[in-house]
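Chains A, B and C, in that order, give the protein sequences.
If you use the numbering used here, the first sequence corresponds to residues 1 to 322, in order.
If you use the numbering used here, the second sequence corresponds to residues 1 to 263, in order.
If you use the numbering used here, the third sequence corresponds to residues 1 to 621, in order.
Hints were generated in silico from the structure; no laboratory data involved.
All residues carry an ideal CB built from backbone N, CA and C; glycine is no exception.
Be careful, since some hints might not be right.
[To be verified] The calculated label-pair distances, taken between Cβ atoms and stated as ranges, are:
hint, chain 1, residue 1, chain 2, residue 2, range
1, C, 33, A, 68, 48 to 58 Å
2, A, 92, C, 61, 21 to 31 Å
3, B, 76, A, 58, 53 to 63 Å
4, B, 146, C, 585, 23 to 33 Å
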Amino acid sequence: MSVPQLLRHPWTVFLGRRTLRLLLSLGFVLTASFAMIRLVPGDPVRAALGVDAAPDLVAARRHALGLDTPFLSQYWHYLGGLLHGDLGTSLVTGTPVAEMIRTRLPATLEIAGLAFAATLVVALPGGLLAAVRTRDGRRPRTELAFTAVTAGMAGVPDFVLAAGLTALLAVGLQLLPVAGAAGVGSFVLPVLALSLAPTAVLLRIVRVEALKVLNEDYLRTARSKRLSPARRYLRHAAPNTATAALTVAGGLLPALIAGTVLVEKVFAWPGIGSAMAQSAVAQDFPVVQAMVLVLGTTVLLAGLLVDVLLAVLDPRSAIREM
Amino acid sequence: MTHLQVTGLTVRHPGSRASLAAVDGVSLEIPSGTTLGLVGESGSGKSSLAGAIVGLVPAQGGRVLIDGREARTRTVRDRRRLGRLVQVVLQDPDTALDPRMTARQTLVEAATVFRRLDRAARAARVTELLGLVGLDPRLADRLPRQLSGGQRQRVSLARALAVDPGLLIADEITSALDVSVQASVLNTIRELQRRLGLSVLFIGHNLPAVCHVSDTVAVMRHGRIVESAPTETILRTPQHPYTRALLASVPSLGTSPSEERTS
Amino acid sequence: MCLPSGFRRSPIAWATAFMLASLVALAVAGPMVWGAAADRPDPSVVLRGPSAAHPFGTDGLGRDLLARVLTATRPSLLLALAAVLLGAGSGIIVGSCTAVLGRRGRRLTAGMINLLLAFPALLVAMFLAVVFGAGTAGAVLALAAAGVPGFARLAQTLAAGVAGTDHLAAARVLGLRRHRLLWRHVLPNIAEPLLLSATTAAGTTLVALSGLSFLGLGVQPPGYDWGLLLSQGLDRIYAEPLPALAPGLAVLYAALAFQLLGEALAGSVARRGPAPRAPAPTPPPSGPAEDGLVLQVEDLTVELPTPGGTIQPVRGVSLSLRPGEAVGLVGESGSGKTLTALALADLLPHGARVSRRTLRLLGADLAALTPKERDRHLATGLSMIFQNPASALNPSLRIGTQLTEAVRAHRGTSRAQATAEAADALRRVALSPALLRSRPYQLSGGQRQRVMIAAGLMTRPGLIIADEPTTALDVTVQRQITRLLTDIRRDTSAALLFISHDIALVGEFCERVLVMYAGTIVEAVPADRLADGARHPYTRALVASVPDLAADRGRPLPTIGGGPPDPLVPAPGCPFEPRCPRRQDHCAEQAPPWQDFDATHRVACWHPEPVTAVLKTVARS
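Isolated chain A, as found in the complex (with noise of 0.2 Å):
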């Protein structure tokens, strides 16, 4: 291929405008996360330390900060040290921000990961059958028992959830480990917490998904070939549910990553989430403008990997975008 045919290429376009919306994105979030501590009223930095700091340690936090120079430069500054991996320092510990995140990320990656994982693993068999069984009316009280069961699962808040499961299984019956993150045991509670409701959600939706699909002329025309039951569902509906499952399961995605830091609250799990909570109520801006900085790129990031996995599988998903 010449260079102009590969620039007009739909997955060249495709990918280039992706990539545009993701940066105008961090844009976003860069601007966003350092206009924070500016946008607080008053000084932040008496709000952290307290009313009655002494003014020169408020005025080298304020320098170290870089609070004291002109608005411009300090948006340039907090680029510069980004570049270098310097996210700031905690008010409170004095230790650096960047260390931090190193330390904790992976322990949040770990459990928004697994519980990802778990609600498609459950929730994409679980909605095609659900719909294959109650398609065109069939099986009233199934669909009755479904709707219900699902509606009560996405109502349960995720960190209710996870104060339940603790009483009950942790401290009640003492089968699992009540905290922190030690041995597989304790990935059980903190990942059951946060995929309950999205695999609720999802589970709907492929349902409803599919039965739109069960509908399709094309399964139609399977059916007039007389193909197999199995044959129909997975090789003609299944991959054409996935696709639409898979873009309201990259929607839920952000709700479950800012899920993990109530439930990491509840099961105390080192993650940046519990850091973030506590930080925030402690007003520790740095740490919190960070973390808000790290998780958002998180969501941005996993948000390009669904939709480039979506045009992987189907390859109409890139072109309709344009």
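Let chain A serve as the given structure and place chains B and C on it in line with the hints.
Just chains B and C, lined up with the frame of chain A:
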């Protein structure tokens, strides 16, 4: 009585390749009180052309003159001035009417855009409009879903006529209808044109239906008009090969099978 | 408010009503009844577990936790509602404006919404809570702001649906002003789904608000809501689970109530058809076989359940096809022609019941076969070509897979052999075998229909049923497809049942034509007699109403007055009687019998048109 003149109209849809124009420098003229039929297959640009004339689709070039005055659609005021003169009826009878408004509400809304009418005048106007398109006035208080496809298409026709336009653009208004219903809608269009002295731009893909109501027929392909001539001429002595191909593709009863006719 | 009957019957609806009523009652009465107890400290019972006096125990100041949980209903609910109303209101206004804005404004707004939507609401809320300072007002504002993009997006999507409709285009051309378009045409048509999602959002916002309080970013002491109570209880969960669980359960209860409310509303919006009935009993064996017929059908009737009652869209249809013959089945929408085809191929929708006296395909009685044998016989003996090639091919499978799967499943053909046959089939329909690797979206409409035909040829069927195969195609492509079908019929001697609404096309392309009206065949006529030798008044009228290039354009087209009969109230007589120009009294009382004029021409009419009838006798509307 309205005269339409379009010169060099060009429409490009955003996002598509720059080289492909949906409407590519189209010129046409509709003298007052006549009907121009515009025929073309899907994607030929006929609906974009209609949309560009009434400002639903932005045009990238060319001029639209109505009674010698430039048609502008930039501001609401311009659009209202244009709307008094030119009205459209669109293809899809399923979405042609607001599903939550009865035929009466729809027609009253249209009739009072430019005129204030009291209660009695409104009722009279609704009855008059429904009569004009051959509908029983008792249907006035029905919702669109309680009307058949042909009846819905007639109500949209009545809505377009409610502002007493001089030019009516009918974009594929019979393509979703059964053939026996299509016949009566075609008859209505002809009769309206004769009674009200309307100028009509009648767009369609069904050549016999378009020819039946048109004084002049223009054939459109790939965004351009390839041939335009009085209906009799285009039927008897088509010049462009594409026009001939279209004519040869029309199934027809009572003639020998197609294999012999197309050579 | 008048609720649909489905709502009143549903158990979910009753549960929801009860839960909501209890929440409202608690929110109103809670602070009045338990407010004093909830705020009264008692140093003698600090941090106690459950007891008779304090069923949920007490907190660090010795206040009764049960009273506090009940009293917290009001702030928890009110704050959540405030956040939802603020967020949903602004989001809906922003989103629905996109339907009436200009192109540039629309794109800009959509871009902003997209950007903000990528960020989780809880993260945005935490960010804003930090900026606004931890506190009730900050948390409510933060959650409202976090909800805006979601609602804006939903409203935008829904409004785009309305904006694309013909009625909004017509309203624009009428010159209606923007605010009128928005209030009169856009918002009323999207209100229902928006209300629904606002209901669900009330639940999630309540949870999120509790979450913020739980983190210490929401309600601040001495105020309290469920989230804060949960957070205070969590510190002692190892000693006493109940102080943490009770407020948690309260959040859960409220969240479920809103979730179920959304469910009940959605359920009452979606209308349900009647419950499907038991499948039809096995049909009795078919009547005597006639030699040399590809398809022999007698007295085919289809019953279909609809919300209004059971209808019979196909009533007593009989037809037969010989090898290599092309028979057209023509009728207007709702005449039952497609259901006839689906019944023949055993593809009727769930709930439909079919009965027939005889159904033989290639000599085999379908009633006498086991289900497995019947499937194989239908798969290899009959091919269907559907109306819309864009949707009849599976978008995610390669053409090669779709061509080969039937022979591989039913004839056990190897993959290599099947692929070779598929390449041949593609060549047969004038397509390149290279297309085997393509997917449907890479093909044009005409090419897709050729692929469908090629797929139909793969099993070398004795009968091809084509249901409006050219309706979705352009007229020049239509001609190519009908020619292709003619060639195939000549070469393979397969019989063709060609279903169409276009009587001119059918008349030109088929040898015999069956005219269907209101579920019955009213006339079977040789195609060459269609133009001026048809005997049924309906056939005559149908032929006359087709605009003809040669017709006199000065005269109005003949039309048929009235409309087709209501399938829910079948009349005993001739279905065409109310619209018939030749009707007489007994036509309405008794269904007309078949009259045979010769071996190929039959009509079901009491008073058929005379042979020399002039077309003008047809009724005008």
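Determine which of the earlier numbered hints do not hold for this structure and return their numbers in increasing order.
none
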